[in-house]
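Using the hints, position chains L and Z against chain C.
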Amino acid sequence: MSAAAAVFLPLIGALVAGALAFVHGRKETKAGADRAAQLVTCTLMVLSALAGIFLFNSVALEGGGGTITIFTWVDSGSLEFAWALRLDTLSAVMVATVTITSAMIHIYSIGYMHHDPGKPRFMAYLSLFTFFMLMLVTADNLVQLFFGWEGVGLCSYLLIGFWYDRPSANRAALKAFVVNRVGDFGFILGIVAIYLLFDTVRFETIFAAAPSQAQATMNVFGGTFHAMTVITLLLFVGAMGKSAQIGLHVWLPDAMEGPTPVSALIHAATMVTAGIFMVARMSPLFELSETSLAVVTIVGASTAIFAATIGCVQNDIKRVIAYSTCSQLGYMFFACGVSAYSAGIFHLMTHAYFKSLLFLGAGSVIHAMSDEQDMRRMGGIWRMIPVTYVLMWIGSLALAGIWPFSGFFSKDVILEAAYAAGSGVGAYAFWMGVAAAFLTAFYSWRLLFMTFHGKPRMDETTLAHVHESPKVMLWPLFVLAAGATLAGLLGYEAFVGHDAGGFWRDSILVAQGHDALARIHDLPGWVPWAPTIVGAAGIGLAVVFYLLAPHLPAKLAASFAAVYRFLLNKWYFDELYDRLFVRPAMAIGRGFWKVGDGLVIDGFGPDGIAARTVAIARWVAARQTGYIYHYAFAMLSGVVILVSWYLFQTAG
Amino acid sequence: MSPASLPNFVPAVPEIFLAAAAMALLMLGVLQRAVAVGEQVRISRVVTWMSVLALLLAILLASAVTGTRIATFGGMFVNDGFALFFKVLALLATALSLVISMGYLERHDIARFEYAVLYLFAAVGMMMMVSANDLISLYVGLELQSLALYVVAAFQRDDSRSTEAGLKYFVLSALASGFILYGSSLVYGFTGTTNFDVIARALDGTPVLGVVFGLVFVLAGLAFKVSAAPFHMWTPDVYEGAPTPVTAFFSVAPKIAALGLLLRVVTGPFGDLVQQWQQVIWIASVLSMVIGAFAAISQRNIKRLMAYSSIGHIGYALIGLAAGSRDGLESVLIYMAIYITMNLGTFAAILCMRRSDRMVEGIDDLAGLSKSHPVLAAAFALMMFSMAGIPPLAGFFGKLYVFKAAITAEFYGLAVIGVLTSVVAAFYYLRIVKVIYFDNLTDALDRAVPKNLTFVLLGTSAAILLFFLWPDPLLASSQSAVASLLGG
Amino acid sequence: MIIEAVTFYILATVAVFAGVMVVASRNPVHSVLFLVLAFINVAGLFILMGAEFLGLILVVVYVGAVAVLFMFVIMMLNLDFRELRRGFLKYAPLGAAVGIVLLAEILIVLGGWSIAPEGGQRFAAAPIPDGLTNTDALGRLLYTDYIYLFQAAGLILLVAMIGAIVLTHRSREGVRRQRISDQLRVRKEERVEVRKVPTGRGI
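The listed protein sequences correspond, in order, to chains C, L and Z. Residues 449 to 1100 in my numbering are what the first sequence lists, from first letter to last. Residues 355 to 842 in my numbering are what the second sequence lists, from first letter to last. Residues 85 to 287 in my numbering are what the third sequence lists, from first letter to last.
So that you can see chain C by itself, here it is in the shape it has in the complex (with noise of 0.2 Å):
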């Protein structure tokens, strides 16, 4: 019951919020429908929220859950599947973390979009996506996963592009949903490799089935290949498209277009995570591939330090938080992969609110400085805003990982289960998470220096309205903050601790030898430190740079000019792809149309047709000369053929 409820509310509210949309009139009318949307969103999510913990608390702590079937969406021959609930610890932790922090975020909007004509189609598109989110992470099976898969994709292009009347919005929002669409062309291959494997799409069935499928092949291609590994590899490819990781991740940056509570919805908390999430439910599968499984490591990790570099030198506020995010889902992602699933859903929950926290807070700054999201014309206004201030402290250091923030207990418990796992590929990911998280210090207390320190750098109108945000705004940050500081503390023991086992109970597979996060208690001393040192080191390095000797930075980019303008082109990426695929898909584009539709369709079909047409009527007519001995001609001539057709056809 909680769980319908906290599914469907957020769908009642985006259904009424959406017909709200429509309702125009004199003003007043107006604001009475944009209240009513606000009001009876925010309501139903809250309602939602409060469902989520009780649906935590039943089923993850009380160790309840089952599936709850709505009805049969499909039976066609050996295709049967039904719209269901499945309520394991991983649906309800994800159902927890996503209508909480959905809830708060819906509460900061009424703030945020204050002066924003479209309120009842933003809370109808963040209620949508809310719901297709809790779709996604209670589904039964792969169709319904995909169902809301592509649901939050929808709901991500049209927040992204929610001010549809800047070009840039337009762009990302289309950007994201290529993107995607790259990813979910894998997903949807691994759900039918899934089914041509297993003949069903349940993740009953399919987890029941995979120790017997191991060892089963799989022809692609003309190659023979381990079934798993190509499954998962699919799977994993459609992860990292909703994950945005390396390859697939541009995107990302540029959905910083949308609203500020949108990035911090979809982009932080909720939508992003869905790679993690899935790799989490698949963890039966994914378990069967060590390939896969360091397939997945490496990616992740690599994004890690990827995403951390460039971090380090963008000037966006929302873009620092954006890549920083990149980076953050890839510690999931190598958490994953060193099969230590739990400490990435733990790494997730954290995340969610401190990086929510995170997001919001950069919206309550850009709020307060007139929508200015360039961290070099801020500065110094930390007294001016003194509780955002404090609030994006405690995100910062949750970020970072410094004791006792949730942030500490989640990624330190990731590197050292990289670190136990004693692979090649382990200690690669360790040390790059290691690396990974002295530029996440350095670049959180960067952003912190140059957005509340220093010298104020904006103009005097916009530094004379900088003002603290409403309270709409500031209490769910509160609540997040508060997140973001104990969830580790009273979660660790839960999620990764002794008490693991009784926590996740089935929900998530762990392979015999896979047992990394068992083996964090035996580690070298150093290495539980490690995190802390190198993010404190992190925040010291930032301190000197940003606080102590602001002109080392400009020095130091110009003598690693080229290094330097690597990471702020963010590594080239779009470019490459620009040339890779872009410009070959427009030249291709370009061939088809001119010379395929325009010279050959068009030019053996309908132009062509009536040009001979016209050129036969010309011809026609020109027969019609006006002379009568040429028209007499004609006749006897039609009667001579008529004759001697009839003469040949006796005579043959």
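Since the hints were derived computationally from the structure, they do not count as laboratory data. Every value quoted in this text rests on a predicted model; they were computed, and no experiment measured them. Even glycine gets a Cβ: it sits at the ideal position worked out from N, Cα and C. Mixed in with the good hints, there may be bad ones.
Said to hold, decoys possible - Among chain Z residues calculated to face chain L with C-beta under 10 Å, some are: (1) Val98; (2) Val193; (3) Leu194; (4) Tyr230; (5) Ile231; (6) Leu233; (7) Gln235; (8) Ala244; (9) Gly247; (10) Ala248; (11) Ile249.
Claimed, not checked - A few chain L residues that don't get close to chain C, going by computed Cβ distances all over 12 Å: (12) Ser359; (13) Leu641; (14) Glu715.
Frame of chain C; chains L and Z shown alone:
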């Protein structure tokens, strides 16, 4: 030497009446001795209206005297339901042509009473044609009609185009008459008779080559009269040159009569040579459709365009004849009835195209008609849509029945070519609609639309538009007409 | 019989020759004269067959009226035939080809023609009743069996006459005509005026 008994005049009463009426009106006109122009116009009006009345009376008479098939005058003249169908159509077409002629003639100072009298004689010729049951009466009827037509084609005698049209038509028509005569002589030579019934009896069994030759010549001559390709060459020039109301008349009444004659000839005396004439008709049909569709595309003069359009329409009508089946013949009758309605409507609209009281004939002159004359434009567009065969207008059903007959008779090639050419033809019909509705008004046509034209235009438009609601009368009458032609 | 045959062939040959010359001669006046020759020969053929009425009517109407009319027209129009024949050579081969093909085909048809026994009966000339002249017999046929065609032909001629008048007749303004009724109606007062003329001054 026994005194010959009087022949039965009753079946020919409509013809006799119409001929007498024509001569009476001729006397009336002559005896008025009009000298002044105004006097001429007045007499012309009186004679024209009385001619229309005479034509309508002739229709009534024809319906009254027609029952079962009766042959008279030694089997040269026959009256049956088939003849009635075509007589009614031809007479109606003649009457309506006269109605739409009036204003035009007066404006061009050629309003003379002989015009209407010639129409009446032409109508008599047409009635004789469709009632002909002998090669000689066929020829005589045809000549009576044609001679009157030559004169009206050249009626605007101070206009070189009109006289050229009359002369061209005369010379080429004489050639076609020569074909018919030559073919008739061959048929006579090989069968020993000119009477249709006797020829039909004589042709039982294998066809003699000479008869086939004769048939081909006769068909060629008749094809000329219905302006079927490859004997169509005169049509565009004559249509363009002749005074517009005469063109309207040409495009309807003589065609229907000649087609009736053609149907009677091929199904009656040469009914057993169906294998032979089917091929001629097939070729003529295809060529007509193709030429009608393609040649019209490059036309800029609306009358010339209508000439090609009529060639194309005859091609479609001939599909039904080529099918040779009973419903094929019925479809021809239906098609022609719809065709003359559309054509009369279109020409009524064309006759409205005046600027500073002079006729204009360019398609471009129609630009922006929808703004200056919305009703006229709508009627014009309606006619064009119908000609192009757009449902639910009558033109669509005409084509539908014809194609259906062709498919039932397994003439798939004809049906396919018919559909393809009607697609091509739709282009130029719809181009006119485009010009009317989407081109910019440059120089508006005259505001006033004469009452007689409005009457014909609205009447035909209503018939075209509402045909699909009540098609039964036409279907039933065509059915009974074909039944009487085929005997049973 | 032999004389009859010889006469037939002479007349027929000359008729065909004259027909060719009508087309072939360069001078239009010669063409008309050859046409007259052709008519006369054909009239001779008719007479040879015993159709003296037709033969004579041919001479009277065609030679006496039509040909002379043609002659007048040609002389009045002063046609330049060389101008008219300019395109002749260009199209001659094509025209000749078509003509030859047609001729060949007709020969084939006629070559395969045999008078069937029953056909022969149908073709046998209707016997002329005794005691009737050619004219009489024609008249009887025309006004009984062929009354329909005869009347129709009359209509055709009427239409031709109307057509000729319509296309050529013009009532010209200002043409002086003698109107006897007007002349008779004239009164003295309308024509004669009496004036007093003063002596020595004039009018």
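Inset, instruction - Kindly indicate which numbered hints from before are broken by the structure, ordering the numbers from low to high. - result: 1 and 13
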